[in-house]
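Please work from the sequences and hints to get the whole structure.
Chains A and B, in that order, are what the protein sequence lines are.
Take 17 as the starting number for the first sequence in the working numbering and just add one per residue.
Take 8 as the starting number for the second sequence in the working numbering and just add one per residue.
Simulated from the structure, these hints should not be mistaken for laboratory data.
Hints should not be assumed to be uniformly reliable.
[Unchecked claim] Cut-off 20 Å, straight-line C-alpha distance, at most; resulting in silico cross-link-like pairs (SDA-like, lysine to any residue):
no. : chain 1 : residue 1 : chain 2 : residue 2
1   : B       : Lys83     : A       : Arg40
2   : B       : Lys83     : B       : Leu111
3   : B       : Lys128    : A       : Ser227
4   : B       : Lys83     : A       : Ser227
5   : B       : Lys83     : A       : Arg234
6   : B       : Lys128    : A       : Arg40
7   : B       : Lys83     : B       : Gly122
[Unchecked claim] Each pair of labels, with its calculated beta carbon distance range:
no. : chain 1 : residue 1 : chain 2 : residue 2 : range
8   : B       : Gly78     : A       : Ser56     : 47 to 53 Å
9   : B       : Ser175    : A       : Met50     : 28 to 34 Å
10  : A       : Phe169    : B       : Ala250    : 58 to 64 Å
11  : B       : Lys68     : A       : Pro228    : 24 to 30 Å
12  : B       : Ser230    : A       : Pro228    : 54 to 60 Å
13  : A       : Glu30     : B       : Asp178    : 30 to 36 Å
14  : A       : Arg36     : B       : Ala120    : 23 to 29 Å
15  : B       : Asp178    : A       : Leu210    : 27 to 33 Å
16  : B       : Ala120    : A       : Met50     : 30 to 36 Å
[Said to hold, decoys possible] Short, incomplete list of chain A residues facing chain B, as computed with Cβ under 10 Å:
no. : residue
17  : Arg36
18  : Pro37
19  : Arg44
20  : Gly46
21  : Ser215
22  : Ala220
23  : Leu223
24  : Met224
25  : Gly225
26  : Ser227
27  : Arg230
28  : Arg234
29  : His235
30  : Met239
All C-beta atoms in this analysis are idealised placements derived from N, C-alpha and C, irrespective of residue type, glycine included.
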Amino acid sequence: MSTVTETRPMTRREWLLSDRPQSRTQARLGRAYMTWQRFSANKLAVLGLLILLALVFVAAFANVLAPHSPYIGDLANARLLPPGTEGYLLGTDDLGRDILSRLIHGSRLTLAVVLLVAIIAAPVGLIVGAIAGYAGGWVDAVLMRITDIFLAFPKLVLALAFVAALGPGIENAVIAIAITSWPPYARIARAETLTVRNSDYIAAVQLMGASPTRIVFRHVMPMCMSSLIVRVTLDMAGIILTAAGLGFLGLGAQPPLPEWGAMIASGRRFILDQWWVATMPGIAILIVSLGFNLLGDGLRDALDPRESGQ
Amino acid sequence: MTTATVSTENLVVTYDEFKALDDVSIDVAPGESFGLVGESGSGKSTLLRAVAGLAPVTSGKIRVHDRVLVGNRRDKAFYRDVQMVFQDPYGSLHPRQTIDRQLLEPLAIHGVADGERRILKALDEVGLGSGFRFRYPHQLSGGQRQRIAIARALILEPAILLLDEPTSALDASVQAEVLNLLEQVRRDRKLTFIMVSHDLGVVTHMCDRLAVMQNGRVVERLSSADLVAGRIGEDYTRNLMVASKGFQRKGAAA
Chain A
17 MSTVTETRPM TRREWLLSDR PQSRTQARLG RAYMTWQRFS ANKLAVLGLL
67 ILLALVFVAA FANVLAPHSP YIGDLANARL LPPGTEGYLL GTDDLGRDIL
117 SRLIHGSRLT LAVVLLVAII AAPVGLIVGA IAGYAGGWVD AVLMRITDIF
167 LAFPKLVLAL AFVAALGPGI ENAVIAIAIT SWPPYARIAR AETLTVRNSD
217 YIAAVQLMGA SPTRIVFRHV MPMCMSSLIV RVTLDMAGII LTAAGLGFLG
267 LGAQPPLPEW GAMIASGRRF ILDQWWVATM PGIAILIVSL GFNLLGDGLR
317 DALDPRESGQ
Chain B
8 MTTATVSTEN LVVTYDEFKA LDDVSIDVAP GESFGLVGES GSGKSTLLRA
58 VAGLAPVTSG KIRVHDRVLV GNRRDKAFYR DVQMVFQDPY GSLHPRQTID
108 RQLLEPLAIH GVADGERRIL KALDEVGLGS GFRFRYPHQL SGGQRQRIAI
158 ARALILEPAI LLLDEPTSAL DASVQAEVLN LLEQVRRDRK LTFIMVSHDL
208 GVVTHMCDRL AVMQNGRVVE RLSSADLVAG RIGEDYTRNL MVASKGFQRK
258 GAAA
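Below, the structure written as structure tokens:
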């Protein structure tokens with residue numbers, strides 16, 4: 017029923033899916049709702065989203081949720097207790113600290129690393145790639161050769177070199193990972209830009225007299241966003257693993273910070289007798305990485321411009 | 008007024024080694040509707056794009072309202088004067104922006120104040136109500152999209168409209184609607200049209216004079232009346248005329 021005068025109040029769903037939105041907000045919300053519908057049809061993707069929401073929840077309420085202090089252990093009575101011991105659900109480590117509490121507090125570090133890398137690397141890659149693709153010529157050549165140089169280094173080795181130069185620590189690990197992870201985003205943004213730069217709708221905007229900056233930021237970049245979001249989400253797992261890897265090598269988070277990679281490293285010495293010390297943070301990394309991968313897969317289906325365009 | 012509104016002199020456009028336009032000169036009088044016909048690849052769209060500043064001009068002159076345009080540089084005044092409607096309505100609207108946003112963009116760029124009123128007026132003028140304002144292009148049909156593209160071109164109130172096969176991607180009944188709409192806005196606003204088409208029927212209907220192009224050159228200039236009466240000088244034009252009449256059974260043709 018598409019009568020203009022409404023005889024009964026619309027349900028919220030009808031309002032969202034309306035053919036003729038009445039305002040900018042309604043149009044935007046309607047589009048978001050369609051994307052959500054496509055996304056939520058994929059059960060695994062929803063599972064991924066739930067895992068990540070749980071991670072955010074745990075990180076936000078770490079102080080309340082953690083049963084013990086993540087730093088202060090009971091050296092006298094609670095060294096290397098196995099999982100399921102009274103009061104220590106996931107056991108304790110060699111300094112008598114509760115592993116569950118450390119995992120809960122470590123989620124903050126994991127989340128911080130992932131978010132900071134995404135916030136630094138994705139926009140840098142997007143801007144470099146979109147400018148290179150749109151400008152073409154020597155600008156393109158210079159920007160993409162710089163990108164190639166960064167791509168030519170093995171990721172972990174470059175990150176190691178940076179951390180070694182800047183000194184170990186979680187902030188430097190974030191910078192190192194960000195520096196090594198933007199080039200693929202630049203490549204993607206450039207490829208997407210090349211496909212849209214010669215399209216008629218960009219020519220139409222040029223004919224309106226829009227400046228190149230305006231065209232790149234307001235008309236080209238939105239077209240790059242969906243593939244970039246998907247790629248960044250899928251890379252999150254890799255970022256977590258790299259951060260954990262740096263932590264494991266002792267170049268990321270420093271003791272006593274409960275970073276998951278560093279926790280695995282400290283449990284390595286007695287992995288055969290007290291397996292849980294290294295295994296528990298490993299499982300946490302596995303679950304969170306899996307969550308990001310499932311979410312990324314779902315987003316790819318939901319945001320694919322070639323499907324949603326029609 | 009002897010000067011033309013739009014004129015090109017010995018215009019040459021080269022893509023890499025390929026000469027898309029070779030020494031093309033046309034003159035379009037104020038208020039006139041000028042047609043460009045020719046087969047695919049004859050350079051007719053390139054000529055429009057060159058005027059709009061979207062094609063690499065190698066040599067020659069383009070003049071719009073007595074101003075000589077150099078290379079691909081155009082100032083803002085030019086864009087308020089000259090607008091273009093593209094061939095493919097599925098490719099000429101930004102797929103991620105609402106109609107509202109796309110109509111607002113030219114106004115925002117040129118700092119026009121009364122956007123709200125102009126958008127409603129533009130939609131009204133092309134025969135689409137305000138109900139279409141917040142839709143995305145994928146919620147519109149081909150004909151509706153082309154109307155939006157026309158509204159977008161008209162919203163800056165240009166004097167010259169470049170039409171690049173504006174109806175070739177639409178089916179016959181919608182074609183007629185869009186052509187009538189274009190006729191009407193031309194009459195209402197006293198616009199100058201330069202229209203590209205491979206359809207001689209459309210061109211003779213819409214245009215007063217036309218130029219026939221082949222391989223980047225103008226082979227013949229004639230008026231629509233001449234074309235209809237068959238006063239054709241060049242064999243190429245005659246072939247084009249035969250081709251546009253479509254298939255005829257052998258023996259039925261005289």
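- Message: Of all the hints numbered above, which does this structure not satisfy? Sort the numbers upward.
- Response: 1, 3 and 12
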